[in-house]
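Trainee: Given next are the chains, with one letter for each unit.
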Amino acid sequence: MTETPSTSRASLDAPSSGPIPQFDFNLKILTDSYLSFFSERKRVEEVYIDSLTKLYKKVKAIDSYLDDRSELSSTRKAWNEVRDNVERETQARQAFLNTLSIDVLNPLSAFRESQDRTRKRIKEDLKESSTSHNEFAEGQLPKLKRTYLRKCQEYEDYKAMATATSPTSQPATSFQESFTSPRDLKQQIPLTKSITGPQPLRPLERRASVGTPANRNRSPSGSGALSDLAHQGKRQLNQLMTFLDKGGNASGGSRSTENSARAVRAKREAEDADKEYRKAVHWNETLRLRRAKILEAAYHSLERFLLEGAELVKSVLVKYTDNSIATCTTLTGLATHARSMVELISPQNDTSILSANIPRSLASSIPKPILYYNYQVGECRDLVYGVSMVDYATARGVPDGEIPKIMRLCIQDVDARGLDFEGIYRVSGRHAVVQDLQLQIERNENKFSFNTVTDDVCSVASLLKLYLRELPEPVFRFPLEERVKHTKELEHLSRVAAHQDKNKMDAKNLAIVFGTVIFGEDEIPTEGMDLLNIQSTKDSLMEDLIINANILFDDHAPPPSPPLPPAPAGEPVPVYNYGSVHTRVTNISFPSEQGHPQQSSEKDFAPPLPPRPLQSIHPASRTYNNGNGGSNGSSNTTMQPPKDPGDFSQPGPGLRRASRRVSPSKLSTRGVARASSMHSVPSTPTSPRSPTSVSAFTDSISDRASSTTPPGSSVEHS
Amino acid sequence: MPPTGPAPPPINVKLLLIGNSSVGKSSLLLRFSDEQWLPEDEASATIGVDFRVHKMEVRGKKVKLSIWDTAGQERFRTITSSYYRGAQGVILVYDVANRESFDALPRWYAEMETYVSPAVVKIVVGNKLDKMRLPPFTHTDAEYSRQVSTEEAAAFAARMDSLFVKASAKTALDVRDTFRMPEPGEPGDDEPDWP
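Protein chains in written order, with the numbering used here: chain U, 1 to 718; chain G, 1 to 195.
Careful, some of the hints might be misleading.
[Said to hold, decoys possible] With the C-beta cut set under 7 Å, the calculated list includes, among others, these residues of chain G facing chain U: (1) Ile47; (2) Gly48; (3) Phe51; (4) Arg75; (5) Phe76; (6) Ser82.
[Stated by the list, open to error] Label pairs and their in silico Cβ distance ranges: (7) U:Val44 <-> G:Thr171: 46 to 54 Å; (8) U:Tyr48 <-> G:Lys55: 23 to 31 Å; (9) U:Leu306 <-> G:Glu40: 40 to 48 Å; (10) U:Thr321 <-> G:Glu35: 33 to 41 Å.
These aren't lab readings, by the way, just hints derived from the structure by calculation.
Computed from a predicted model, the values in this text were never measured in an experiment.
All C-beta atoms, glycine included, are put in the ideal place defined by N, C-alpha and C.
Make a model of the complete structure from these sequences and hints.
Mentor: Structure, rendered in structure tokens:
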């Protein structure tokens, strides 16, 4: 019996296995995991909503200010819709936030609180029941047991003594027993109270899970014990009376009766102690059962906690995910709506308002042009002479490949009337006529046309030459687009040349006439050449160009000779000796900007700059001019220009010199090479690039050159 | 708003569609905004809340309707109830051939009134008028007994201080009127073409 409490205590109070720790653990999950997550989730959502709201208000204020003045463009309309979507998204998010509170957090915290209360109550009950049981099982019960055992022993002792003095005296014992019992009663009453009094058991029925109430009427109630005693006392009084009657009759032998009376009393006491002990054992069992019931109920509660918890978490998560889906669907709907609005943006329409107004705005804000006022003829609408072709094209919006009207008209006219005219382009027109024509065309270029009756073809030819001469930059200074224009002119010249039998202007003559105006009169390096040589260089080049115009400018013309075979490996590239003395394939050098070698040496890879004016004060030019004695083409002193980087690959100084000497042909060759490879970087070192086209060109030139002049004798050209 | 500027901004009106599930809220909206109708097997239950913008002119005034079409399903009740805020008009839809959906209207009113001001314009719409069987009845009594009579619904709407209209999203009957009626500033205004 004494072991039971200790074992039960061991099983009940072990800290890890009881229901309370499990309650704690699961409550912790509920609090630290779910509740803390969703509180934080809610906070995140609140911050987001807050930010969205602020964003919307701010942009809305700005927009209403910006959109105040005019009809909204389709872009702005769509934008407004997209922006308003932010407000709608805020609503959707707000709805989601509400569901977090209503569907998730509130049920979870309510559940947590109720379970927390349950846990507290269970803990108290468990503690109280186990304490009362333990206290009774370890305090009261052993004491009563000991009392009972002692009383039994006492009785045995007295009985032994009584049998030693007098054999039997039953009445005395009965008297003793009944006589001493009132004293025992006094002991007995507090004793019973000590069992029942301090521990009024709580009714266990309040817990639904506990089926049977542990606290039956098993313990002796105080009133029941007293009535028992009263009843007993009456009986004992009767016994006392009979005993007194008997005692009067039998007066001797008091010693033996005393002993036996003690024995009787001891027996009575032992019996009482037994009764008490029995009651206590029973009471202890009651406490134990109650404790077990409470424990059982605690486990039931835990079980229900887990079940309800899982059910709740499930339903909460279902709602949470449902609401997430719903929110996302709503947001998708909003985005779809915005998308359809964005589709309505029409960039053309939005621009059309401005586009319609641009001409008017321009007309009102661009200042009027100030025209050239000629002393003789007055105001001239068009400046043609002395204006570079680029400026001309830019100012009039001339499309690519078109040539100035003056050129077109002159060429047409000469084509029509002058091809068979002897000395066309050589014979000058009358100066007055030419000047008059020039002024006429400048007064109003659009209205100008030749009068075939009054304007003689020589004047027309002179007009063209004048135009070309007056160009600020020579024609062939420029890359592609200008060159294209001159295709027409060269074709024209070649047509003129084709009629040489009549007009006595063969290619050579034409070249002499046009070489200067087309290439410019100056800026040709004159290293080691006399004036005649320079001139002849230009002329022969021009001549080549005129003769080969068909080949050069006809896109469909087949190459006159097959491309050169590649040089055998390991052997130096041979220097081909055909062409005029001035055309050397190996000497082509792209980056050296004609007339400005310094520049190219400094900026190898920079795009070519337009040429400096002749009288430039730029130090580079000055150096150059000084080195040349400041004269254009009149010096035969050896020039000392800075190193030309384009020549670095050249084999030796001699060839290098050659390359410089033939720069006009360099130019022309370069032009063709460029034409074939359009906008290739101009400053790339040259020789290897586009070999076929270069060689094709040089071939064609050299064919012609070698047929007319023996190699090396350039003088013969002139 | 008086048209002072060159382009007066349109009046923004927030409308909310509520009612039991599958009474045809989304169909009404689809018919109204896109002139379309999806047969029952193609239409799916709304998830959460759908949104549409519709621009129209009411008596020369530009009105921009923002229509929030809520899900009728119970599981979305919490989230849909959050959309009442700021609504100027609430359209309560029921199915004329489904008494249950009509009987649920008081609950919808109760929910609505906890969120919106009493001044909000309320319209009761009896949808699926095409399903309504008119006498002489050729169908079973059970089917008839599930119907909600126009008189009963009109009386109910009047009692709830609401407008009443019958409509059919399928046949496009009176759908425009439904959305045209809740004009701000004129609650309870008699529409000339209101049946």
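Trainee: All the hints need checking, so say for each whether the structure fits it.
Mentor: Comparing the hints with the structure gives:
no. : hint                             : result
1   : Ile47                            : holds (4 Å)
2   : Gly48                            : holds (3 Å)
3   : Phe51                            : holds (5 Å)
4   : Arg75                            : holds (5 Å)
5   : Phe76                            : holds (5 Å)
6   : Ser82                            : holds (3 Å)
7   : U:Val44 <-> G:Thr171: 46 to 54 Å : holds (47 Å)
8   : U:Tyr48 <-> G:Lys55: 23 to 31 Å  : holds (30 Å)
9   : U:Leu306 <-> G:Glu40: 40 to 48 Å : holds (44 Å)
10  : U:Thr321 <-> G:Glu35: 33 to 41 Å : holds (35 Å)
In terms of the numbered hints stated before, the structure departs from none.
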